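Whole structure, please, built from the sequences with the hints as guidance.
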Amino acid sequence: MTTANLLQLCILIPAIGALFIAASTRLPNLREGVTILTSASLLATVFQLFRRTDVFSQTPLVLATPLPGIDFELHLEPLGLLFAGIASLLWLITSLYTIGYMRCNSEQHQTRLYVCFAIALSSTMGIALAGNLLTLFLFYELLTLSTYPLVTHKGDHDAVAGGRFYLGILIATSVGLLLPAIIWTWQVAGTTSFRPGGILDWTMAPAGVSLLLMLYAFGIGKAALMPIHRWLPEAMVAPTPVSALLHAVAVVKAGVFSLVKIVLYIFGPKLLLETGSHLFLITIASITIVGASVIALQQDNLKRRLAYSTVSQLAYISLAVAVLTPLSVTAAALHIAAHAFGKITLFFAAGAIYTAAHKTRVSELDGIGRRMPWTMTAFAIGSLSMIGLPPAAGFISKWFLLQGALIQPLWPVAAVLLLSTLLNASYLMPIVYVAFFRSETRPPHHEHGEAPKIMVIALCATALLTLLLFIKPDPVLRLAQLLTGGFQ
Amino acid sequence: MNHLPVFQVLLPLLGAPLCLLVRRGTLSWLVATLASWGGLAISLALLHHVSHTGPITYNLGNWPAPWGITYHVDALNAFVLLIVTTVAALTLPYALQSVNLEISEENRPLFYTLLLICLAGLLGIVITGDAFNMYVFLELSSLSAYALIGLGKRRRALTAAFQYLVMGTIGATFILIGIGLLYSLTGTLNIQDLASRIALIPASAYGHRTLITAFAFLTVGFSLKLALFPLHLWLPNAYTYAPSVVTVFLAATATKVAVYMLLRFSFSILGSRFVFEQLTLGKIMLLPSLAAIIIASLVAIFQYDIKRMLAYSSVAQIGYMTLGISLHSHTGLMAGILHMFNHALMKGALFMAMGAVSYRVGSVYLTDFRGLGRRMPLTMAAFVLGGLSLMGVPLTAGFISKWFLVKAALEIGWWSVTAIILIGSLLAVIYIWRVVETAYFNPLHEIEHGQEEAPLGLLIPLWVLVGANLYFGIDTSIPVDMASWAASALLEGTMQ
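Chains as they are written, first to last, in the numbering used here: chain A, 2 to 489; chain B, 826 to 1321.
By construction, these hints were calculated from the structure, which means they are not laboratory data. Only a predicted model underlies this, so the values are computations on that prediction, with no experimental measurement involved. A couple of the hints might just be wrong.
To be verified - Chain A regions said to be covered by chain B (calculated; three or more residues, Cβ under 8 Å):
no., region
1, 65-78
2, 137-144
3, 178-188
Said to hold, decoys possible - Below, a sample of chain B positions facing chain A; criterion: calculated Cβ distance under 10 Å:
no., residue
4, LEU829
5, VAL1218
6, PHE1224
7, THR1243
8, VAL1305
We put the CB at the ideal spot given by N, CA and C, even for glycine.
This is how it looks when you write it as structure tokens:
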């Protein structure tokens, strides 16, 4: 099979899987079997891509030509491969977890959830493999639309209101800011293809470059830079598996991934450094890191606290790429992986707590570590990764980022990193502390132990991945270092 | 091949009395359907011919050009003919079941007769190369449209038709006065002849003032007919109270044909330099277009009758077409022409979905949509896809129109216009999503008779249009090439 076929398969497998899932709606066991099979074959396909040596030297694969001179095209580069790998690996684990969660909580409309999940993954693969801005925009919008039924899954008033917020902000920013930015880019550069070193040149005034960068930074609402971050906490009305995979991995990573790609392959480091536009992005990202952490401190709802933590962690990635040194770009790529593994663990744990104990608030978690030791240990590992402490993966990315900032040298960035580390510790560590070291203030509604086994296995797997990435970061590091070609 | 242009008009025109003669509802439907399919075949053949061997000129009764009536087919009207005949060929199969429910037995042959006359009129406007002949066809299509709207089930259809009659007649009269002034100035009615004689008039001569007056009358008349904001007041009522089939047909064709007339007179007769540089048509159209996009979309958000909501959305979408024209660039004009095609596809699909809902539920108030996501999944899925096209989501036809419009605005650096175009599509998100939320998240009505999905006779044409929305969002070569070709021909100011 040629590499081009593999690329097409990455998008087709989840899409076809969605059809089969929809067809097997009457047989829950078959339906869930199809889900697992689909995610496993997607992972196998992406793994095949990892092993190909010619994977980055392919000519772009044209799917259709909707507009004269501008195609829907797929083209793989290191960051895209990394993103596709993370999303497909975590989809498999999440599928296992979802089955446990949905059955145990006897949720309604399970088929719709699995179908939308598969379509969302298909769109995510499209974003990862997009060869130009138009293709990226297409799959970006598809991802928004296909996750809307997931956010509003419960169908009650809160869910519909949250969904309105979700769709409203994401569509408004993408149509209102991202689309004109893309058309503007096309008009200035004559192309929208991603090329190392960028496609924009010196014909643009520095003010124009800054404005365009701002259009992109805020137009990509999924990157959740302040003040476009409000959709993410609202999206937490979704069932926890959705929050875990989509709002900690696929959707938000699609946002920062797009931003990183645009900075590296559309603007190019040189243009941004010489016009000084990157300073805007650094400022916004720093404000978001600190601001979101402060808000997270005040949240009592566990999922909302995690959501604000996601906002803050995403801004790390935006910050890392905006610092624009080879080391910090490596950090951005690493943090996409590190945060994905860590945050999905935290969400899995939150879902397991909800399933076993029906608790959603931080203030109710006293002593829960004794009843659910595996879950809370995984939660502790995820927290370490968020804070950036060894032996969790978050440490490595933060290390690279700090080095990058000091080489530049950008002292304020280093200060922001320090401050945020303290803040992260102070909104996550108390949860671990009360879970293990404080005794239950009053007995729970019902006796409970761990959540169903399949959920515990899933969350232990992701926690293990978080540790593994610290011990053996080479595969990710190798891809991340390929990204820095634009700096020569 | 030789007589194809005249058959384009003759076929529905002869089909009309035949419908009346057969006197049976279903039989006259069959006649009308065959006539509309024949019309589609002819327009495809004409398009093929024009794109391969160039424009066709056909002298009616073999009378030579300036004296006799000439039919002239070039890139622009071949494209518009295709739009009109395609919509007709899809509307008629849809009509059978919808009409059986909404129109009384004895009126059905009359209904199909009127529909065919309306079709003949619209096709005649587009194909003719004679200004007065165009007016005759305009009256033909308008009069039959008034009667068609009056056939609506609710009694308010009559007032809506009367309102349209008054406004439409004023518009037609203005057009007639404009044509009369042009005739008094040049002594000819043939479009090519008019164009060449007007080109000879020096700017400073006395004729200039007559020309300006003629232009003023024509512009106001066309604006009334195409429902340019704020001359759109007839449209919401007419679309709301007309029978479902009539709304589908008129929404997808009538206003487009009026836009065509505006293009033909402005570019082919008066010449784009005269119209845009001396008479500043661009500036005249710009403000009403932008106002239409914003105000009509805002009004649409607050409608509870969804047909009326879509009618206001049509007013906004017409604003996009005239906006494209007012930008006075090749890209802008092309975007406007392209949007005529794409809007016919999306509004046709959306109004067909309305017809399907009203077939099962009886009316299309927002509250009627409760629980329809479960009860009529195919119809509502079609509505969602048509709505996505209206918002301009990628992979749909609406995205392509929007892309070229934004590009046209950016080319001349009009940021504020770009912003308004995009705000318009965001407003579309709001009014479409009101319906989607109601259909999918509100529970069913308590009083529920076990009616299920709409019949296949309605669903198939609906889904063909939805499929076209998706297809022309991916493979855009046909409409984009046609629109681009028509735009360059118009800008050259000749009937090429």
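*When the hints from earlier in the document are held up against this structure, which numbers fail?*
4
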